[in-house]
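The task is simple: from the sequences and hints, build the whole structure.
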Amino acid sequence: MTTSLAELHHRAELLAAKLPPLMVAAERVAATVAQGVHGRRRVGQGEAFWQFRHYERGDPIQHIDWRRSARSDSVYLRETEWEAAQSVWLWSDASPSMQYQSSRKLPAKVEHADLITLALASLLVRGGEHIAPLGRGTIPSTGRMALNILAAALDDREHDPKEHSSSLPPFEQVPKHGRVVMISDFLEPLDEINRAVGVFSDRGVDGYILQILDPAEQSLPFGGRTRFEGTENEGNALIGRVEGVRDDYKIEMAAQRRGLEAIARTAGWGFGIHTTDQSLEATLLNLYVALTATIEWTGVN
Amino acid sequence: MFTLGAISFVAPVALLGLAALPVLWWLLRVIPPAPRRVRFPAIRLVMRLVNPEESSAKTPLWLTLLRLALLTLVILGAAHPILNANNKLAKDGPLILIVDDGWASARHWTKRQTAFGNLMDQAERQNRAVAVITTAPGNADQTRAMESLLTADAARQLLGALQPKPWPVNRIATISILNELKVDGSPQIIWLSNGLNDKPDGSDVAEFVVALQKIGPVTVLAETAGALPPLLLPPVSERDGLTVSAKRAVSNVAASLSVRVRGEDGNVLTRQPLIFAAGDSDGKLKLILPAEIRNKVTVIEIENFNSAGSTVLVDERWRRRPVGLVSSRKRSASQPLLDNLFYLDKALDPFTEVRVGTMAELFKRDLAMVVLADPGKMTKKQNNQLLRWIKLGGIALRFAGPRLAAEKNPVLPVRLRKGNRDLGGALSWSKPAALAAFTENSPFAGLVIPKDVRIRRQVLAQPTVDLPEKTWARLTDGTPLVTAEKRGDGWLVFFHITASPSWSNLPLSGLFVGMLQNLVQLSRGVVGEASKRLLKPVQSIDGFGRLTDPRPGALAMKGSDFLSGKASPRHPPGFYGDETARRAFNLSPSITHLTPLSELGASVTRDSYQETREQDFRGALLIAALTLALLDIIASFALRGYFTFNRATAALLVLMITPLFITSVEAQTVVPGIPNPANDNRDFAPVLNIRIAYVKTGDSQIDNTSRAGLEGLAFIANSRTAADMGKPIAIDPATAELSYYPMIYWPVTEDAPLIEQATAAKLNRYLKSGGTIFFDTRDSSGGGAGADRLEDIARHLDVPPMTAIPSDHVLTKAYYLLREFPGRWTGGRVWVQQSASQAAERANDGVSSIIVGGHDWAAAWAMDDARKPLFPVVPGGERQREMAYRFGINLVMYVLTGNYKADQVHLPAILERLGQ
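Protein chains in written order, with the numbering used here: chain A, 1 to 301; chain B, 302 to 1217.
Source of the hints: derived by calculation from the structure; they are not laboratory data. For every residue, glycine included, the Cβ atom is placed at its ideal position computed from N, Cα and C. It is possible that part of the hints are untrue.
Said to hold, decoys possible - With the C-beta cut set under 8 Å, the calculated list includes, among others, these residues of chain A facing chain B:
1) Pro189
2) Glu217
3) Leu238
4) Ile239
5) Met253
6) Ala254
Here it is, written out as structure tokens:
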């Protein structure tokens, strides 16, 4: 990682400060989901007052609002609005391919990936959501502590050979209705990606796929006789005239993107692309919009 | 050595490498350049694009061609090609150069020097010993250093100093030198001949070649017969001019030569064509010259044939001499036909300058002859004056007459009897007498006597024992008519008749004119005792026909040898005599024939002189190969896609290629006149002390000489004078700021570049504002190729009227008193501005803005670090070098101090004024 953990953290905070707190829509009521600050305009666990109603048999006595009941003859229960906190598992790819930067002027992909991850986490925490790094078995938590855990986990990947070498998200028992955000270059074969995403979506986990690319990976700006070498021991490829295959490459790259889109659509997930020459804010805003939009998309029952 | 047309290869074995080129072609085509390596995450996508057939890519054709060209250049460079190589040396072993350095070689001396250079280059390459033998006799004091085996480099230096001699070659005498020569191995002989036989039948050349062939195989270099130099013979005096004739070696085609007549001070008096008709080997040209011009003629030469054979010196013999007619009274204008002087005037005027006056008036000026045609009574003082003058070499011619009889003791060669002799008069039976034929000892011998000349009256001599000896002309009856007596160096001649037709009709005849002409010729010792006198050399002409100081080793010459003598190291052609009388001794009369070199037989290789100096291409080829190698590197990188062509790569390219051309471009990058801010750490040295600038010629050797010379001059000037001079500075007049320099030394080479109009304007400004340019044509006399080039260079300059340095010029006394201005050479003239106009004087403090000479002064001044002179001076001697230094100091003083020394002529007046 090119920047120190503290600085990365700081930059992510600065980035996040430009957006309002992100409140991820929770679409399913689930006991396993820790309650958050989202008022669901229905009765449930929460702190905000929702309504009074007449006491009925079987209601817990602790819920009787004695002050209200004293003003009239009947006994009233105080019902609070149901507030549920969403839990989001974040994963950003740190495999060697993410270290690529086509020019010294551009940052490595992993740098942007980590920034987006942390900025997103910061937004989520400010929205009162719970976050956790994916694949580490960490219980989602919120507050500054949660950000520190995530940042430490991002830093930790560097030293974890398994994480370090893997370009696909690890599996973790994410509870139903949990959310996963995956940030990677997603240049692996589509069926592998599909499998990795499928294990989550099959369990009803919602998510978002953000593909991070270097501009060079989109345009193949090389010329002449070139031997391309993989970053993760994929082998190599000798191209006689790179200029000649450039258009074919772009078609391949578009196909990859369409494949990813299809995977996301099948899983009901969101999909976005970020190139390292784009501004982080724009991507973060897109991500923000996409995460909040799922409210409309999924609807409130 | 392997030759293809004009190109030869020193190491032809390397050319075999060319045979390997097709193999290299195949290899280069098959092995493509290594691909560029890129780590790329999206490798999986790229892998799908790989076309298996494409991977066996081939090198692009143009790159292959580039590399083949590179290799070809390297191979050719290794083979060491030389253009116009001299391939005359076929074997190894010592090389013996026979050089004809007589007068006939001067015409194409540069060709010979080119040949020397080429041969020495080759001898140096092949590491051969060289012996140089010259066929013209050398000076007695010249060492025979050349004739032992030398290294090519040492021989090159000797040959560089070799000059053609103003006398013919003597090949037979060279044979003995050849016989003494000790050479090992199988020597090869190259004879750089002058293309002429010594003897008309060529027997001497045949003998010489036989002697040469005893030593080794012979190659003869000779000019084509058409290029042989013509021979200009001394002119023949005519009434109204001079007739010059010339000989040539071949006579098949018509040709025209330009004959140039020059005066005492080198000025060209006239220039006329001399035509050779086809089939005629002799040509004549009549130069019609007014008397004043004719008397100035010093040199007649054929233009562009600078050799002693095409140069003829003219002395008094060809001039009209002053003859004084003594007249004691006014000439009677009313009856001219009765006046003695009228007939003398008419007879003498065509070929002499006639002056009329009293004896005292006439003797104030130089005279060749004085004529006393019965002038009347002469005082004793006058007689003594006359006798003194005769003793000094004058010729006094007296005529009889009525007044002579009245004189008591007339100055006459014989004693006269009283009274006259009347022939055919009223009281005489005898008839007027005719003239007898002239005897051999008479100066009139050979003159044709007209039949109708009759003597009617004469005075008679007292018969004495020596009367017949004294008689130069007599009548048919033996009576002396003209008697003469030697007095001292001169002659006293007496005509026993009057100069008017009253006593005879001789003054009316053509014979009278002939007799007077012969008598005038007699003056200054054309015949007679005076010719036994030894005349010392005054000026010599060198091999190129230039008048210089007498050659070292030139000896005085007897007057009688002038007609029959042959030019030799002891008696080089030139002027002999003293300040009062100079006699010209010419080369051409002793050369009786011009015969082209005869056929020498099949065993002798004949060749002509090469025009061109050989050129070595190895360096250029290797540099070209290096350039291509750089291009190849760039191309390889481009092929691997390392860079696209943008500004950065262009800059890189320029950076890589520029060093190759930087040396040649260096001089042109400076923009004249525009101060370059990047250059503002300018060298202020030129203004901190006095420096003399010299003009860069581009020839590094000349530039180094100029620098060393001016450094030497600065050293000498600093150590001897109060001048504090810095190191000299090389400038390019087009770009440099000139105003810093008091003087610019400008060595002019044969191929010096001409100056631009703008540069000329700049130089003119410099000259006008007080600068001095010192042109040195470096060719010893100012008449060679350098001077011609100087004419071209100076075309746009405001060159004032020039004159040879007058004897009272400031340059002769600015520091040292000098009479001559030697440099490495000497004997030529140095030209300065004429101090004619007052305005010019004021403008420049009287300092000549341009000084021109050809003595190669820088070479004479040049010193090495140990203050030892770098070049020998010619003819030599430390005195000449010292004089060169002194001239240099005078020059420095002159340009620095201006004309203040000129004011010294007024010093007596100034002192006188101070005294008051």
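So, as I understand it, the hint says Met253/A touches chain B; can you test that by seeing if any CB pair is closer than 8 Å?
Since chain B brings a Cβ to about 6 Å from Met253/A, closer than 8 Å, the hint holds.
Given a cut of 8 Å on the nearest C-beta pair, is the interface hint for Pro189/A held or broken against chain B?
Given a least distance of 7 Å, the restraint on Pro189/A holds.
Could you check if Ala254/A really has its C-beta closer than 8 Å to a C-beta on chain B?
violated (10 Å)
Is the interface hint for Glu217/A satisfied, with its Cβ closer than 8 Å to some Cβ of chain B?
holds (5 Å)
Given Ile239/A as an interface hint, is the shortest Cβ-Cβ distance to chain B below 8 Å?
It holds, given that the least Cβ distance between Ile239/A and chain B is near 7 Å, below 8 Å.
Should the hint that Leu238/A touches chain B count as held when the rule is a Cβ pair under 8 Å?
With a closest approach of 5 Å, the Leu238/A hint holds.
Checked against the numbered hints above, the structure violates only hint 6.
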